[in-house]
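J.: Counted from 1, the sequence shown has number 306 at position 4 by our numbering; the numbering is strictly sequential.
Derived from the structure by calculation, the hints contain no laboratory data. Cβ coordinates follow ideal geometry from the N, Cα and C atoms, glycine included. Don't take each hint at face value.
[What the hints assert, rightly or not] The list that follows gives simulated cross-link-like pairs (lysine-lysine, BS3-like), each with its CA atoms no further than 25 angstroms apart:
1) K359 x K521
2) K359 x K349
3) K364 x K416
4) K481 x K458
5) K352 x K427
6) K458 x K469
7) K352 x K454
8) K458 x K416
9) K480 x K359
10) K352 x K337
11) K427 x K337
12) K469 x K433
13) K433 x K466
14) K481 x K469
15) K433 x K458
16) K427 x K364
17) K469 x K521
18) K336 x K427
19) K469 x K359
20) K336 x K416
21) K364 x K454
22) K433 x K337
23) K427 x K366
24) K454 x K427
25) K366 x K352
26) K366 x K416
27) K480 x K469
28) K342 x K364
29) K454 x K469
30) K359 x K454
31) K454 x K349
32) K364 x K352
33) K416 x K352
34) K454 x K366
35) K458 x K521
[To be verified] The following label-pair restraints were derived from C-beta to C-beta distances:
36) E340 x E447: 16 to 26 angstroms
37) I479 x G445: 22 to 32 angstroms
38) E363 x S492: 44 to 54 angstroms
39) L484 x D449: 21 to 31 angstroms
40) G487 x L443: 19 to 29 angstroms
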Amino acid sequence: MQDKAITNMITSEIDPELVQEIFNDPNIRNEYEKKINERKLINRNQKMGKLIETLFKEYIEKLKEAGITVNIAREPFGSDYILTDESSDLVNSANQREGFKINNWLVELKATGKEHAAMTPLQAKTATLQKDNYALIVVPLDGTEPDIEYLKTNAKVINNIGHKIDKVYNDFNEVEIKKDGLTHGQDGISVNIEDQNIRFRVSSSVWESEQTDIETFVKTQFATLKQTITN
Numbered sequence: 303m304q305d306k307a308i309t310n311m312i313t314s315e316i317d318p319e320l321v322q323e324i325f326n327d328p329n330i331r332n333e334y335e336k337k338i339n340e341r342k343l344i345n346r347n348q349k350m351g352k353l354i355e356t357l358f359k360e361y362i363e364k365l366k367e368a369g370i371t372v373n374i375a376r377e378p379f380g381s382d383y384i385l386t387d388e389s390s391d392l393v394n395s396a397n398q399r400e401g402f403k404i405n406n407w408l409v410e411l412k413a414t415g416k417e418h419a420a421m422t423p424l425q426a427k428t429a430t431l432q433k434d435n436y437a438l439i440v441v442p443l444d445g446t447e448p449d450i451e452y453l454k455t456n457a458k459v460i461n462n463i464g465h466k467i468d469k470v471y472n473d474f475n476e477v478e479i480k481k482d483g484l485t486h487g488q489d490g491i492s493v494n495i496e497d498q499n500i501r502f503r504v505s506s507s508v509w510e511s512e513q514t515d516i517e518t519f520v521k522t523q524f525a526t527l528k529q530t531i532t533n
């Protein structure tokens, strides 16, 4: 209740004298400051995530310009982007050229300054269902403002994350099914389970042991028209 009251106080108008009286309580003041800091952190993380997505798209487009037959498009449902390898060399019965996908990868980007990267249940589910074509790209943050060169050097690609997360997700899914049964109840008795912010944590040990960078991943998965990739 106190947390909700603090949130309302932040986002709505309130009498200044009442604010002063409320802030005389050190517990409320501390809670308010905590809430403000949490909002600042969320905003900062959102901006960083947007920057990493923009840099990644620019990097992929540079690789395409250099001769790799890769296309990039937004795929926001369970991932950030989809990388596709398309060809237009087929001709249909009407003698018209048709483009067709011969390869595609869903990509989820995670920038983190922590010892883990967090995936949502939807991302984990998508990784499990598309385990042979789903890559998690982690960008560890060290306080440096990221640019394309930073991604080249520091980003790590985990192209088997779906296989790694599969068992844990299946166990989680079984728990969710049981939870659903509890909330519906039996004989008039049910369990009220409050919504939780569930995340799948990928330990830093997973990406620290991974030697695949973005360019290596893209060149491995998609055809190259030129012999070398220029900077």
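J.: Does each hint hold? Answer for all of them.
T.: Structure-based check of all given hints:
1. K359 x K521: 15 angstroms, holds
2. K359 x K349: This hinted pair holds, its Cα atoms lying about 16 angstroms apart.
3. K364 x K416: 29 angstroms, violated
4. K481 x K458: Outside the cut-off at roughly 35 angstroms; violated.
5. K352 x K427: 23 angstroms, holds
6. K458 x K469: 23 angstroms, holds
7. K352 x K454: 17 angstroms, holds
8. K458 x K416: 15 angstroms, holds
9. K480 x K359: Given that 25 angstroms is the threshold and the Cα spacing comes to 40 angstroms, the pair is violated.
10. K352 x K337: 23 angstroms, holds
11. K427 x K337: Violated: K427 and K337 sit about 31 angstroms apart, past 25 angstroms.
12. K469 x K433: At roughly 12 angstroms apart (the allowed maximum being 25 angstroms), K433 and K469 satisfy the hint.
13. K433 x K466: 9 angstroms, holds
14. K481 x K469: 18 angstroms, holds
15. K433 x K458: Distance ~17 angstroms between K433 and K458 Cα, so the pair holds.
16. K427 x K364: The hint is violated at about 31 angstroms.
17. K469 x K521: 30 angstroms, violated
18. K336 x K427: Measuring from Cα to Cα gives roughly 32 angstroms; hence the hint is violated.
19. K469 x K359: 31 angstroms, violated
20. K336 x K416: 19 angstroms, holds
21. K364 x K454: Satisfied, since the Cα-Cα distance of roughly 12 angstroms is no more than 25 angstroms.
22. K433 x K337: 38 angstroms, violated
23. K427 x K366: At roughly 30 angstroms apart (the allowed maximum being 25 angstroms), K366 and K427 break the hint.
24. K454 x K427: Outside the cut-off at roughly 28 angstroms; violated.
25. K366 x K352: 21 angstroms, holds
26. K366 x K416: 32 angstroms, violated
27. K480 x K469: Between K480 and K469 the Cα gap is close to 17 angstroms, so the pair holds against 25 angstroms.
28. K342 x K364: 33 angstroms, violated
29. K454 x K469: 31 angstroms, violated
30. K359 x K454: Answer holds: K359 to K454 is near 13 angstroms, not above 25 angstroms.
31. K454 x K349: 20 angstroms, holds
32. K364 x K352: Given pair K364, K352 holds - Cα atoms ~19 angstroms apart, limit 25 angstroms.
33. K416 x K352: Within the cut-off at roughly 18 angstroms; holds.
34. K454 x K366: 15 angstroms, holds
35. K458 x K521: 14 angstroms, holds
36. E340 x E447: 16 to 26 angstroms: 23 angstroms, holds
37. I479 x G445: 22 to 32 angstroms: 43 angstroms, violated
38. E363 x S492: 44 to 54 angstroms: Distance hint for E363, S492 holds at roughly 52 angstroms.
39. L484 x D449: 21 to 31 angstroms: For L484 and D449 the Cβ distance comes to about 49 angstroms; the hint is violated.
40. G487 x L443: 19 to 29 angstroms: Hint violated: Cβ distance 45 angstroms, outside 19 to 29 angstroms.
The structure does not agree with the numbered hints 3, 4, 9, 11, 16, 17, 18, 19, 22, 23, 24, 26, 28, 29, 37, 39 and 40 stated previously, though it agrees with the rest.
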